[in-house]
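**Student:** Sequence:
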Amino acid sequence: MTDFTTVHPSSQHLAYLLDLYCFQGRPLNGDKDNPVVVLVNHGFAVGFCPKRMQPTWAAYRVAHAKAAVDYDRPHLYYDDARLDEALRVGSETFGDGYHVGHMVPNQAINEQFGRLAQMETFLMSNMSPQRGTLNTGVWAKLEDAIRKIEDTPDKDHVWAIAGPIFGDDPEIIERPNGSQVPLPEAYFYVMADPFRYPWNRMSNVDVFAFRIPQDAPKNKSPDDYLVDDIEEIERATKLSFFPKWYAADDGGLQPAGAGDGEPPFASRRDRHRLMRALDDR
Numbered sequence: 001m002t003d004f005t006t007v008h009p010s011s012q013h014l015a016y017l018l019d020l021y022c023f024q025g026r027p028l029n030g031d032k033d034n035p036v037v038v039l040v041n042h043g044f045a046v047g048f049c050p051k052r053m054q055p056t057w058a059a060y061r062v063a064h065a066k067a068a069v070d071y072d073r074p075h076l077y078y079d080d081a082r083l084d085e086a087l088r089v090g091s092e093t094f095g096d097g098y099h100v101g102h103m104v105p106n107q108a109i110n111e112q113f114g115r116l117a118q119m120e121t122f123l124m125s126n127m128s129p130q131r132g133t134l135n136t137g138v139w140a141k142l143e144d145a146i147r148k149i150e151d152t153p154d155k156d157h158v159w160a161i162a163g164p165i166f167g168d169d170p171e172i173i174e175r176p177n178g179s180q181v182p183l184p185e186a187y188f189y190v191m192a193d194p195f196r197y198p199w200n201r202m203s204n205v206d207v208f209a210f211r212i213p214q215d216a217p218k219n220k221s222p223d224d225y226l227v228d229d230i231e232e233i234e235r236a237t238k239l240s241f242f243p244k245w246y247a248a249d250d251g252g253l254q255p256a257g258a259g260d261g262e263p264p265f266a267s268r269r270d271r272h273r274l275m276r277a278l279d280d281r
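Take 1 as the starting number for the sequence shown in this note's numbering and just add one per residue.
Hints were generated in silico from the structure; no laboratory data involved.
In this text, a Cβ means the ideal position worked out from N, Cα and C, and glycines have one as well.
Keep in mind that a hint or two might mislead.
Below are the BS3-like pairs computed for lysine-lysine, each with C-alpha atoms no more than 27 Å apart in a straight line [what the hints assert, rightly or not]: (1) Lys-148 to Lys-66; (2) Lys-148 to Lys-238; (3) Lys-244 to Lys-155; (4) Lys-141 to Lys-32; (5) Lys-244 to Lys-218; (6) Lys-51 to Lys-155; (7) Lys-32 to Lys-238; (8) Lys-141 to Lys-220; (9) Lys-218 to Lys-51; (10) Lys-32 to Lys-220; (11) Lys-66 to Lys-51; (12) Lys-148 to Lys-51; (13) Lys-141 to Lys-66.
Simulated restraints on C-beta separations [said to hold, decoys possible]: (14) Phe-195 to Gly-25: 14 to 22 Å; (15) Pro-176 to Leu-116: 26 to 34 Å; (16) Gly-114 to Pro-213: 30 to 38 Å; (17) Lys-66 to Lys-244: 39 to 47 Å; (18) Gln-12 to Glu-85: 15 to 23 Å; (19) Met-1 to Asp-215: 14 to 22 Å; (20) Gly-114 to Asp-280: 24 to 32 Å; (21) Thr-152 to Ala-81: 40 to 48 Å; (22) Asp-3 to Phe-195: 43 to 51 Å; (23) Phe-195 to Ala-65: 31 to 39 Å; (24) Arg-201 to Ile-172: 42 to 50 Å; (25) Lys-244 to Asp-279: 15 to 23 Å.
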């Protein structure tokens, strides 16, 4: 596929970090009408869409830390000075029941990479307007479960990619500075969890995908929104995940166990660290 992505000039010297944050390569963007500019931060990467003025995707990794780190949560949001002024949405909250929704979560980066990296999660280039009930409900539960995935001798790092999904004619939030931010109709989370060596072989990695609607009730569980096929997310976003890792026959991505006759994820649930973390909530 043609990839309508560039790396922002300010991040070109950090592009070597993308493989550390993005399992099997950063997502490719097939949407020519909504090109992506990659911003590399201290601990995560964002594929920012200048037209939509919010992330198309945001990627990070989580692993067990020997020592607990918990810096205080910053109180303020910040425009990303790397972006042209015309692409900045202002640092105010969204209002009207919408929260400033982190795509890469503050707490996970806080624990993994420390104060500076945590503060970078408060850049508006990492934010998308989320309903308060979603932001403090299903989305927060999923972020928390990923952060608390158990560490075992044979498993460690997990990788996550999150971002918005847009309808054909999204509503617009007009910001105090005049910028117009489209409202997503849903959000996705894609996660890769290697479970045996060699860790990068497709059949040795559990892949999860969630599609969570903007109006998801607060009392729902993230696994109510688990999708059977990662290609559902790819079709909705025009992204291609794990580009170094396509199946040889048709270029599609097949999670571990796909095509083996089992219901997706069901009979292997005990193996899945994320599912156990969700069950423990």
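**Student:** All hints are to be evaluated individually against the structure, with a verdict given for each.
**Tutor:** Results of checking the hints against the structure:
no.: 1; hint: Lys-148 to Lys-66; verdict: holds (13 Å)
no.: 2; hint: Lys-148 to Lys-238; verdict: violated (30 Å)
no.: 3; hint: Lys-244 to Lys-155; verdict: holds (21 Å)
no.: 4; hint: Lys-141 to Lys-32; verdict: violated (33 Å)
no.: 5; hint: Lys-244 to Lys-218; verdict: violated (36 Å)
no.: 6; hint: Lys-51 to Lys-155; verdict: violated (39 Å)
no.: 7; hint: Lys-32 to Lys-238; verdict: holds (9 Å)
no.: 8; hint: Lys-141 to Lys-220; verdict: holds (9 Å)
no.: 9; hint: Lys-218 to Lys-51; verdict: violated (30 Å)
no.: 10; hint: Lys-32 to Lys-220; verdict: violated (35 Å)
no.: 11; hint: Lys-66 to Lys-51; verdict: violated (41 Å)
no.: 12; hint: Lys-148 to Lys-51; verdict: violated (35 Å)
no.: 13; hint: Lys-141 to Lys-66; verdict: holds (23 Å)
no.: 14; hint: Phe-195 to Gly-25: 14 to 22 Å; verdict: holds (20 Å)
no.: 15; hint: Pro-176 to Leu-116: 26 to 34 Å; verdict: holds (28 Å)
no.: 16; hint: Gly-114 to Pro-213: 30 to 38 Å; verdict: holds (34 Å)
no.: 17; hint: Lys-66 to Lys-244: 39 to 47 Å; verdict: violated (30 Å)
no.: 18; hint: Gln-12 to Glu-85: 15 to 23 Å; verdict: holds (21 Å)
no.: 19; hint: Met-1 to Asp-215: 14 to 22 Å; verdict: violated (31 Å)
no.: 20; hint: Gly-114 to Asp-280: 24 to 32 Å; verdict: holds (27 Å)
no.: 21; hint: Thr-152 to Ala-81: 40 to 48 Å; verdict: holds (41 Å)
no.: 22; hint: Asp-3 to Phe-195: 43 to 51 Å; verdict: violated (29 Å)
no.: 23; hint: Phe-195 to Ala-65: 31 to 39 Å; verdict: violated (20 Å)
no.: 24; hint: Arg-201 to Ile-172: 42 to 50 Å; verdict: holds (44 Å)
no.: 25; hint: Lys-244 to Asp-279: 15 to 23 Å; verdict: violated (32 Å)
Hint compliance for this structure: hints 2, 4, 5, 6, 9, 10, 11, 12, 17, 19, 22, 23, 25 are broken, all remaining hints hold.
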